[in-house]
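Whole structure, please, built from the sequences with the hints as guidance.
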Amino acid sequence: MERLITDPIHLPCPDMAGCVNPDPNLTKNSLDMVAKLKAKFAPSFPKKRKTTIPSRFNQACSRDEVKALGHDVEGSEA
Numbered sequence: 000m001e002r003l004i005t006d007p008i009h010l011p012c013p014d015m016a017g018c019v020n021p022d023p024n025l026t027k028n029s030l031d032m033v034a035k036l037k038a039k040f041a042p043s044f045p046k047k048r049k050t051t052i053p054s055r056f057n058q059a060c061s062r063d064e065v066k067a068l069g070h071d072v073e074g075s076e077a
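Quick note on numbering that gives the first Met the number 0: the sequence shown kicks off at 0 and runs consecutively.
Source of the hints: derived by calculation from the structure; they are not laboratory data.
In this text, a Cβ means the ideal position worked out from N, Cα and C, and glycines have one as well.
Listed below are the simulated SDA-like cross-link pairs for lysine to any residue, each with C-alpha atoms no more than 25 Å apart in a straight line:
| hint | residue 1 | residue 2 |
| --- | --- | --- |
| 1 | K39 | K49 |
| 2 | K37 | R48 |
| 3 | K35 | N24 |
| 4 | K27 | A41 |
| 5 | K37 | T26 |
| 6 | K46 | L30 |
| 7 | K39 | S29 |
| 8 | K37 | N24 |
| 9 | K39 | N28 |
| 10 | K27 | P13 |
| 11 | K37 | P21 |
| 12 | K37 | K47 |
| 13 | K39 | N24 |
| 14 | K35 | P45 |
| 15 | K35 | R48 |
| 16 | K27 | A38 |
| 17 | K37 | D22 |
| 18 | K27 | C12 |
| 19 | K37 | T50 |
| 20 | K37 | K49 |
| 21 | K39 | T26 |
| 22 | K49 | A38 |
| 23 | K46 | A34 |
| 24 | K46 | M32 |
| 25 | K47 | A34 |
| 26 | K47 | N57 |
| 27 | K47 | V33 |
| 28 | K35 | K47 |
Have a look at the derived ranges for each label pair, beta carbon to beta carbon:
| hint | residue 1 | residue 2 | range |
| --- | --- | --- | --- |
| 29 | D22 | R55 | 49 to 59 Å |
| 30 | K35 | L3 | 37 to 47 Å |
| 31 | L3 | N24 | 30 to 40 Å |
| 32 | L3 | E64 | 46 to 56 Å |
| 33 | C12 | L36 | 22 to 32 Å |
Quick look at the structure:
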């Protein structure tokens, strides 16, 4: 079954013909260049900070509190 494309913006561009039959050598060269650029410029960009969750959101609820909120509790005794 062929996909029906209703919006022409989702059709592939004519200049993307190289995506039909990619050259493995060019792909390898591109990956090598990306790795080289990452090694060169990565130190100049700041590292992403780890997201911290405020301690007020790290409270543990008892099974009864969870049930009172209307949530299903797995492994609960009936």
